[in-house]
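Protein chains in written order, with the working numbering: chain E, 1 to 393; chain B, 1 to 393.
Incorrect hints may have been included.
One copy or two, either will do: identical chains are not told apart, so a pair holds if it fits within one copy or between any two.
Said to hold, decoys possible - No farther apart than 27 Å at their CA atoms in a straight line, the calculated lysine-lysine pairs in the BS3-like style are these:
#	residue 1	residue 2
1	82	350
2	250	350
3	286	93
4	82	345
5	251	93
6	82	44
7	19	274
8	345	44
9	44	286
10	286	19
11	274	345
For the record, the hints were derived by calculation from the structure and aren't laboratory data.
For reference, the chains in residue letters:
2 protein chains.
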Amino acid sequence: MEFSVSGFKASGIAAGIKKENTPDLALIFSEYDSVAVGIFTTNKVKAAPVLLTEDHIMDRWARIIIVNSGNANACTGPIGIKDARSTAELIAKELDVRTDEVLVASTGVIGAPLPMDAIARAIPGLVSEMSEGGIAAAAEAIMTTDSFPKISSIDGEAGGQPYRITGISKGAGMIMPNMATMLCFVITDINISGTLLQNALLSSNEVSFNRITVDGDTSTNDMVLVMANGAAGNRNLTTEEYDDFVMALKKVMTDLALMIVRDGEGATKVVYVKVRGAASEEEALKCARTIANSSLVKTAFYGQDPNWGRVMAALGRSGIMIREEDVSIWIDDVQIVGGGLGLGKDLEEKAADKMKNSEFSLIVDLNQGECEDFIVTSDLTHEYVSINADYRT
Amino acid sequence: MEFSVSGFKASGIAAGIKKENTPDLALIFSEYDSVAVGIFTTNKVKAAPVLLTEDHIMDRWARIIIVNSGNANACTGPIGIKDARSTAELIAKELDVRTDEVLVASTGVIGAPLPMDAIARAIPGLVSEMSEGGIAAAAEAIMTTDSFPKISSIDGEAGGQPYRITGISKGAGMIMPNMATMLCFVITDINISGTLLQNALLSSNEVSFNRITVDGDTSTNDMVLVMANGAAGNRNLTTEEYDDFVMALKKVMTDLALMIVRDGEGATKVVYVKVRGAASEEEALKCARTIANSSLVKTAFYGQDPNWGRVMAALGRSGIMIREEDVSIWIDDVQIVGGGLGLGKDLEEKAADKMKNSEFSLIVDLNQGECEDFIVTSDLTHEYVSINADYRT
Numbered sequence: 001m002e003f004s005v006s007g008f009k010a011s012g013i014a015a016g017i018k019k020e021n022t023p024d025l026a027l028i029f030s031e032y033d034s035v036a037v038g039i040f041t042t043n044k045v046k047a048a049p050v051l052l053t054e055d056h057i058m059d060r061w062a063r064i065i066i067v068n069s070g071n072a073n074a075c076t077g078p079i080g081i082k083d084a085r086s087t088a089e090l091i092a093k094e095l096d097v098r099t100d101e102v103l104v105a106s107t108g109v110i111g112a113p114l115p116m117d118a119i120a121r122a123i124p125g126l127v128s129e130m131s132e133g134g135i136a137a138a139a140e141a142i143m144t145t146d147s148f149p150k151i152s153s154i155d156g157e158a159g160g161q162p163y164r165i166t167g168i169s170k171g172a173g174m175i176m177p178n179m180a181t182m183l184c185f186v187i188t189d190i191n192i193s194g195t196l197l198q199n200a201l202l203s204s205n206e207v208s209f210n211r212i213t214v215d216g217d218t219s220t221n222d223m224v225l226v227m228a229n230g231a232a233g234n235r236n237l238t239t240e241e242y243d244d245f246v247m248a249l250k251k252v253m254t255d256l257a258l259m260i261v262r263d264g265e266g267a268t269k270v271v272y273v274k275v276r277g278a279a280s281e282e283e284a285l286k287c288a289r290t291i292a293n294s295s296l297v298k299t300a301f302y303g304q305d306p307n308w309g310r311v312m313a314a315l316g317r318s319g320i321m322i323r324e325e326d327v328s329i330w331i332d333d334v335q336i337v338g339g340g341l342g343l344g345k346d347l348e349e350k351a352a353d354k355m356k357n358s359e360f361s362l363i364v365d366l367n368q369g370e371c372e373d374f375i376v377t378s379d380l381t382h383e384y385v386s387i388n389a390d391y392r393t
Numbered sequence: 001m002e003f004s005v006s007g008f009k010a011s012g013i014a015a016g017i018k019k020e021n022t023p024d025l026a027l028i029f030s031e032y033d034s035v036a037v038g039i040f041t042t043n044k045v046k047a048a049p050v051l052l053t054e055d056h057i058m059d060r061w062a063r064i065i066i067v068n069s070g071n072a073n074a075c076t077g078p079i080g081i082k083d084a085r086s087t088a089e090l091i092a093k094e095l096d097v098r099t100d101e102v103l104v105a106s107t108g109v110i111g112a113p114l115p116m117d118a119i120a121r122a123i124p125g126l127v128s129e130m131s132e133g134g135i136a137a138a139a140e141a142i143m144t145t146d147s148f149p150k151i152s153s154i155d156g157e158a159g160g161q162p163y164r165i166t167g168i169s170k171g172a173g174m175i176m177p178n179m180a181t182m183l184c185f186v187i188t189d190i191n192i193s194g195t196l197l198q199n200a201l202l203s204s205n206e207v208s209f210n211r212i213t214v215d216g217d218t219s220t221n222d223m224v225l226v227m228a229n230g231a232a233g234n235r236n237l238t239t240e241e242y243d244d245f246v247m248a249l250k251k252v253m254t255d256l257a258l259m260i261v262r263d264g265e266g267a268t269k270v271v272y273v274k275v276r277g278a279a280s281e282e283e284a285l286k287c288a289r290t291i292a293n294s295s296l297v298k299t300a301f302y303g304q305d306p307n308w309g310r311v312m313a314a315l316g317r318s319g320i321m322i323r324e325e326d327v328s329i330w331i332d333d334v335q336i337v338g339g340g341l342g343l344g345k346d347l348e349e350k351a352a353d354k355m356k357n358s359e360f361s362l363i364v365d366l367n368q369g370e371c372e373d374f375i376v377t378s379d380l381t382h383e384y385v386s387i388n389a390d391y392r393t
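Based on the provided sequences and hints, a complete structural model is requested.
Okay, structure coming up:
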């Protein structure tokens, strides 16, 4: 029960939404009224479950998260909205909660109607399968192209009361719109207000899911939901306890985000792109993002080639002022560029050795100021092309 | 002599800059004073020849274009600037023109110094090889990963005097910064003012090189130069004659741009992404560009999969307001989406058939207004990854 959280039950079953009779329907149920907050895709084309859940979470209370994989219920028009609402109604009735206490998420193929018959038939079983340790089964049921389930847990203490945070996520390759990819659900038994939980989620998201990229695309279905049911019984959090909680939430969400990059579509490398010496954090992030999203840089990672010319070109089109002659570049601790100039083949060979590892850092110093930021990315591989060229066939 | 232009001579030889003793140094020489205009990379990291040529072309006069392939002379610091200037000085002396009448371009590996000895040794031969038909040899000498030389010509008439426009370009995959990719040089014997030529270049560039994309990266070395030496002897252009000239220049530059997409790195498809029914041309272009640069859309082209969910997701993150329920999508003349909804598997299969062709159109109607624009792109293939992962090794 290392992942179980007091007052929560969960389950994951095969409802027949996917063809292969693999788990495709997940449930998280809080036995108590629970604070709930969320972050949703910025894509203007939002799937039906995103629109419904944005509505249901507005009051910052919820009891249930229900998620299907295999079908994104995106670009499905008014029928999609009706189906998302029906899903909420069905599970609400079965568990005797209000429909607006149900949060719905979907992931899978875009543009096909949800198989509502299959979902309706599966709901009694989904509920009867619920258990305190069921969150692991839920983690499996939300997978699509994922090669492994993603789950992370951490224990904390507030006012002498122990609490736990457990999160699950799905996504292989951030972001893959056709799979309506990135989903993350976090449950905790800490007692916390909706306002504080929202703040904690925003700052945790900044250093986790907002710092990973695989191909720069955003999805129609992305969402991160956090529920806190207060079963730990702690009193109001002190500032220190709140900070501890944020730290713990960051740890869980960063774990889950890194698992997504590691499971990136066809990825063989996880690369930390760090930009320092920037005039502002915003500029540092802009540079890191441009480098991390460059197809040319990412294929060079795959080729284990310290091809810093591509990094310089990415910096040059990142939209910030670059003084070429001030730029230094490292692979881990091997400097390959100083004062904007290459430092020679010997060092490039040493850097190429570092790039043989499955994880390494690309560090850029702009020498313009004191600010820094980072993005975690993967390489662009033959396998990425295979997965995405062949996905629907 | 179908490509030769009155009053211009050209040549292309192997100077030993590339390892394989293939042509790598090109010369274009105007026997008369010539109007010259140019467009240069927007990348903040500009190669030395870009900086020098931007300076030399400011007065809109030139006599010589000298281009080397195999070395970009980018990220080479003060030595790079000195080398670019030395190149100009050497050829200026040999042909008895002023140094500031020489335009220099380079393409190839970033970060290595130009082999000035090899260039200096080659210059007498480069000049002695010059001929009226030499522009074809020049087209070969500017190639890097290109699989074929790119040249296009058109004849026109102004005030009863015939003139010709001939252009050459290089680039396989737009844009590939490490190869410092996209170069285009156009010569014509029309008599035209610098101001008019500049306007003609800007509007031609908009519909040609500014409408192609392979991977969304921009290079440190991109440039388009046009020289017009007036040897045709026409008087001042009438408005109609100027319009005809612009039309002809657009034709040549569009030809050359499409050759670059066709020769795109590992590309198997050329796809016209057309967005219509937009509220403004700017919004149409933004949508077309986001779709055309999406790795997921481009792998779907490769997979011949009419995966319109990825197109919808790209529209959703293009930064413009999208009314999902108003969007229609076609592959050539086969409509696969209407009112934001898929129109069924039968039509998708018909669309997939169209996608087997080496060229097809993806048409998006936003139904928001009367404006439209387009981008020409290629697919993202296994071969793209191979070329870019292995380029320097």
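Discussion item. Checking each numbered hint in turn, tell me which of them this model violates, lowest number first.
Written reply: 1, 2, 3, 5, 7 and 10
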